[in-house]
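There are 2 protein chains.
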Amino acid sequence: MSSTDGSVAATADAQAGAETGREAIVRAARRAFTLRPYAEVTMRGIAAAAGVSPSLIVKRFGSKEALFNTVVDFRSAADELFAAPPSALGRHLVLTMVELRERFRGDPLLRVVFSLGIEDERTLLRARFREQVTDRLAAALTGPDAQLRAELIAGQLLGLGATLSLHRPDGAGSHATAERLADLYAPGLQRLIDGA
Amino acid sequence: MSSTDGSVAATADAQAGAETGREAIVRAARRAFTLRPYAEVTMRGIAAAAGVSPSLIVKRFGSKEALFNTVVDFRSAADELFAAPPSALGRHLVLTMVELRERFRGDPLLRVVFSLGIEDERTLLRARFREQVTDRLAAALTGPDAQLRAELIAGQLLGLGATLSLHRPDGAGSHATAERLADLYAPGLQRLIDGA
Chain U
5 MSSTDGSVAA TADAQAGAET GREAIVRAAR RAFTLRPYAE VTMRGIAAAA
55 GVSPSLIVKR FGSKEALFNT VVDFRSAADE LFAAPPSALG RHLVLTMVEL
105 RERFRGDPLL RVVFSLGIED ERTLLRARFR EQVTDRLAAA LTGPDAQLRA
155 ELIAGQLLGL GATLSLHRPD GAGSHATAER LADLYAPGLQ RLIDGA
Chain X
5 MSSTDGSVAA TADAQAGAET GREAIVRAAR RAFTLRPYAE VTMRGIAAAA
55 GVSPSLIVKR FGSKEALFNT VVDFRSAADE LFAAPPSALG RHLVLTMVEL
105 RERFRGDPLL RVVFSLGIED ERTLLRARFR EQVTDRLAAA LTGPDAQLRA
155 ELIAGQLLGL GATLSLHRPD GAGSHATAER LADLYAPGLQ RLIDGA
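Protein sequence lines, in the order shown, are assigned to chains U and X.
Quick note: the first sequence uses my numbering, first residue 5, plus one each step.
Quick note: the second sequence uses my numbering, first residue 5, plus one each step.
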């Protein structure tokens, strides 16, 4: 291997390492903010879980609040989930949810439910979810009871992710195609979207 | 107050105290088994959270495994949820879920979702849920894909509880009547039950 190849490889390795470090911090922070009250989460604890130094997290993400705002954000998932006209949204929601879960190797919304298991006086995670998912959905719906219907649609989305995770890896949902899941699960969603 | 009245009152107090103690142990144990891996849960920790002595828990419930089997059981909720003929089950599920949540001041099923937030090699809670809820439901369904439809029905039930808890206390779901929730949410469930 020439020295040029070597330094290219070293740079690629360093980039991969930096990426892995960032990914490890994000995962550890998500887990900590989901499972513990905000006040109990420490940068030191996240650093230990991610296998990096606390100062690296501060350098990369800033304060604890800045880190929270970076890692707990439902907007990009909502952007993809809601990217269909209302008449086709039910099926799009199911197909996109399955796709996002595969791409991120985890559920894009479900952590908000884990947070119900703890008593967090700040309930930041829930406020974030309501604002970025439920309220956004309600604003896109027409007809009566838009807010209530948006809450129930959010419920069905959370329920889909919950049941797929719960029955993994040998459940029927793990073996079904996304199309088959949509055939069965989309009509209930579409009915709530239509409000009819 | 006569001495007779006094001793009646004292007995009633002692019974109320015993009931409160049992209730406190059950709550603390449910919380511990939901939020922590089984191996990390200790009788000492549950006792401290419940404000009783570890020996009282052993006396009342037996071993840690016996306590787990007592407090984490979905059968009585399933008995009530599934007590309707298939043609009326969708609406019955929604009304019963709302009623159980009110009666127990908490969701009868949702703790299984909280448990997804932890990595528990034994996943006892999930196995219990699959056996007592999903498989029981699948056995009651006719038509194709009964197991898959049962998983999706379980998902919608979990999602209903999740969204009601998540949007409390000022969400639209908190102010809607059980009948209105059933009007909106039952058709999707009924469609999965019918398998049509």
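Please keep in mind that the hints were generated in silico from the structure rather than gathered at the bench.
Warning: the hint list may mix true and false statements.
As the list claims (entries may be wrong) - Negatives, chain X to chain U, calculated, CB over 12 Å:
1. R26
2. A43
3. V62
4. N73
5. P90
6. T146
7. G159
Said to hold, decoys possible - Examples of chain X residues lying across from chain U (beta carbon under 10 Å, computed):
8. E44
9. M47
10. L104
11. R134
12. R153
Glycine included, C-beta positions come from ideal geometry on N, C-alpha and C.
Consistency of the hints with the structure:
{"no.": "1", "hint": "R26", "in the structure": "holds, 22 Å"}
{"no.": "2", "hint": "A43", "in the structure": "holds, 17 Å"}
{"no.": "3", "hint": "V62", "in the structure": "holds, 26 Å"}
{"no.": "4", "hint": "N73", "in the structure": "holds, 20 Å"}
{"no.": "5", "hint": "P90", "in the structure": "holds, 16 Å"}
{"no.": "6", "hint": "T146", "in the structure": "holds, 15 Å"}
{"no.": "7", "hint": "G159", "in the structure": "violated, 3 Å"}
{"no.": "8", "hint": "E44", "in the structure": "violated, 13 Å"}
{"no.": "9", "hint": "M47", "in the structure": "violated, 21 Å"}
{"no.": "10", "hint": "L104", "in the structure": "violated, 16 Å"}
{"no.": "11", "hint": "R134", "in the structure": "holds, 6 Å"}
{"no.": "12", "hint": "R153", "in the structure": "holds, 6 Å"}
Violated hints for the displayed structure, listed by number in ascending order: 7, 8, 9, 10.
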